[in-house]
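Student: Top to bottom, those sequences are chains Y and D.
Each residue of the first sequence is one higher than the last, beginning at 1176 in the working numbering.
Each residue of the second sequence is one higher than the last, beginning at 4 in the working numbering.
If you're looking for bench data, these hints aren't it; they were derived computationally from the structure.
Quantities reported herein were computed from a predicted structural model and do not represent experimental measurements.
We put the CB at the ideal spot given by N, CA and C, even for glycine.
One or more of the hints may lead you astray.
Simulated restraints on C-beta separations [claimed, not checked]:
id	chain 1	residue 1	chain 2	residue 2	range
1	Y	Ser1290	D	Tyr267	33 to 41 Å
2	Y	Asn1301	D	Ile268	40 to 48 Å
3	Y	Glu1314	D	Arg206	47 to 55 Å
4	D	Ser125	Y	Arg1195	53 to 61 Å
Computed far set for chain D versus chain Y, every beta-carbon distance over 12 Å [claimed, not checked]:
id	residue
5	Ile224
6	Ser247
7	Leu255
8	Tyr261
Derived, one-sided and incomplete: chain D residues facing chain Y with beta-carbon distance under 7 Å [stated by the list, open to error]:
id	residue
9	Met4
10	Leu13
11	Asn17
12	Thr93
13	Lys97
14	Pro98
15	Ile99
16	Ala264
17	Arg276
Each chain is listed here by its residues.
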Amino acid sequence: MPTPAIKITNLIKDYPSGIRRLKVRAVDNLNLTIEPNQIYGLLGPNGSGKSTTLKLILGLLHPTSGSCEIFGQSSKLLISRRNVGFLPESPCFYRYLTGTEFVRLAAKICLSDKSSLDELISTTINNVGLKEAANRRIETYSKGMLQRIGLAQAIIHNPDLIILDEPTAGVDPVGAIDFANIVLNLKNEGKTIIICSHLLSEIELICDRVAILNKGKLIAEENLNVFRKSKNNKALLIENFDNDLIDPLNEFLKSFKTTSKIINPPVKRLEEIYLDHLSSDK
Amino acid sequence: MLNSIRRVYLITENCLRESIRQKIFYAILFISIGMITGIYFLRELNFGSSEINFIFNLGYGTILLFGSILTITISAQLFFSEIENRNAITILAKPIRKSEFILGKFLGIIILLALFTGIMISILILVLKFGETKLLLNNTAFYADERLLNYTNLIIYSIAQWLKFVMICAITILVSSYSQTIIFSTVSSFLILTICQLQYLARITYSSTDFIPLNWFVAMISYLFPNFQIFNLGEHGATSTTISLMLMVKLLLYTTIYSSAYLYIATICFSRREI
């Protein structure tokens, strides 16, 4: 069995809050195992503990208790981060650097071998579709370009685990589709990608597996296909289907005294699954 | 170890590049240059002191004042911009320690301060040399062939000033490592600078008192905050004899010990901070 990309065990993170330093629990006894070579979606409303979980995975925060491993190594160890690329939410980066200079800085921090660095930087920037703007200062970049250069710095050292926090927030639909294609290509190269996002339609398009967090707790985790089919949904293909037939067919199904009904589309949308789980958690 | 040095070097290089591209650096640099070159034309207002010493004292004071302002503002600004622009989180998600990050920033800033001090003292030396040459030409019979100024001392004074800026930088980074706003960092650092500058007065005033708790309190303050008065070698004047090497070694050690302690505490605070 391959070593999990991430293994989180009984993870708890408390923050002191206010003058009395009362504890607020951001992550509550989280257990999660993410297998390699999949695109994993981490979902949840604001304040659900997604970003805190990512920071704990990256060793940027110390857990109150519990542990987190990246490819079998404790995330507290510096060595565990050698194989990780991270794109933060709404980054600005070093505005006075050009795109190439910034990616070079990231490469130099992560890679000790400097041979063919120029070629590697050039290839990576091309792969994220930023060739034309590579030598422009980052302060002149649009939101979409910032996300692309952010992705370039995250993957420059060819990590096996890539963590993307809200990667397409504020990016136009065409840019978001481009971004999704880049992520799918990375998966095809054998990478594990964790995406933390509010844009469920995108998660739905590319993720293999999703976890839903609420108030720091894991309330659901499953393969997306299983999630969608978890309520005995069956898809029937009907040629030249007339939408006016939906109501009569539902009436027909009712006559069998069952709860069956026609839903459109035939599989459950991730948004519905997400809202179902959140409402049942309340 | 080598990898660690390489990472610190990368952060230092980037911090230096960032600080050199800050507008505030050029604003303070040009104001300071203007002040020092302008002193020559103010020498009539010398209030009785000798012309050369007047130029030296005012120039030296300008370096101290604007150097301190530059140190605090640029240290606080660079620290907070890392957090606000999410650069800290991007860089620290890579295989780099928080201590390396703090040390790299510190080294980047103190190299910039060395550059600032170097430019300022060079201009001050030029202004002094101009004044000295004019004075010698006008009074050839009185001064014969000798020079009035000890230029080695001027360079040593500027090194002592730079060491003081190094300490102010370490203090500002320490305050910024737990502070939540840039204003708090800046104001607190200026207050601490005032304490460090004046703490010797408290020691002189209360060292002979019989009230033991007050003695302890003053002693505690004097250990917590460095005594900046010992860096003011410029009070010896522009024409004094050369300062001993041992004194400079002592100042270097003093700066290293205090700065290391402050940076160590800053690393602990920064490690516990949510970025």
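Student: Run every hint past the structure and note whether it holds.
Tutor: So, going through the hints one by one against the coordinates:
At roughly 36 Å, the beta-carbon separation of Ser1290(Y) and Tyr267(D) lies within the given 33 to 41 Å, and the hint holds. At about 45 Å, the CB distance of Asn1301(Y) to Ile268(D) agrees with the hint of 40 to 48 Å. In this structure the supplied range 47 to 55 Å holds for Glu1314(Y) paired with Arg206(D), their Cβ-Cβ distance being about 49 Å. For Ser125(D) and Arg1195(Y), the Cβ-Cβ distance of about 55 Å falls inside the hinted range of 53 to 61 Å, so the restraint holds.
Here Ile224(D) stays apart from chain Y, with its beta-carbon at least about 27 Å from theirs, past the 12 Å limit. The claim that Ser247(D) lies off the interface holds: its Cβ sits roughly 43 Å from the closest Cβ of chain Y, which is beyond the 12 Å cut-off. The non-interface label for Leu255(D) is consistent with chain Y: the shortest C-beta to C-beta separation is roughly 31 Å, beyond 12 Å. At roughly 28 Å, the least C-beta separation between Tyr261(D) and chain Y is larger than 12 Å, which holds for a residue marked as non-interface.
A hinted interface residue such as Met4(D) counts as satisfied when its beta carbon comes closer than 7 Å to some beta carbon of chain Y; here the least separation is about 13 Å, so the hint is violated. At a threshold of 7 Å, the smallest CB-CB gap from Leu13(D) to chain Y is about 5 Å, leaving the interface hint in force. Hint status for Asn17(D): holds, given a least beta-carbon distance of 6 Å to chain Y, under 7 Å. Look at Thr93(D): its Cβ gets to within about 6 Å of chain Y, closer than 7 Å, so that hint holds up.
A distance limit of 7 Å between C-beta atoms decides the matter here; for Lys97(D) the minimum to chain Y is near 5 Å, and the interface restraint holds. For Pro98(D), the interface hint holds, since its Cβ comes within 7 Å of a Cβ in chain Y; the closest pair sits about 5 Å apart. Proximity of Ile99(D) to chain Y holds as hinted, the smallest CB-CB distance being about 6 Å (cut-off 7 Å). At a threshold of 7 Å, the smallest CB-CB gap from Ala264(D) to chain Y is about 23 Å, leaving the interface hint violated.
At its closest, the beta carbon of Arg276(D) sits 9 Å from a beta carbon of chain Y; the interface hint therefore is violated under the 7 Å criterion.
Going down the numbered hints, you'll see the structure goes against 9, 16, 17, while the others check out.
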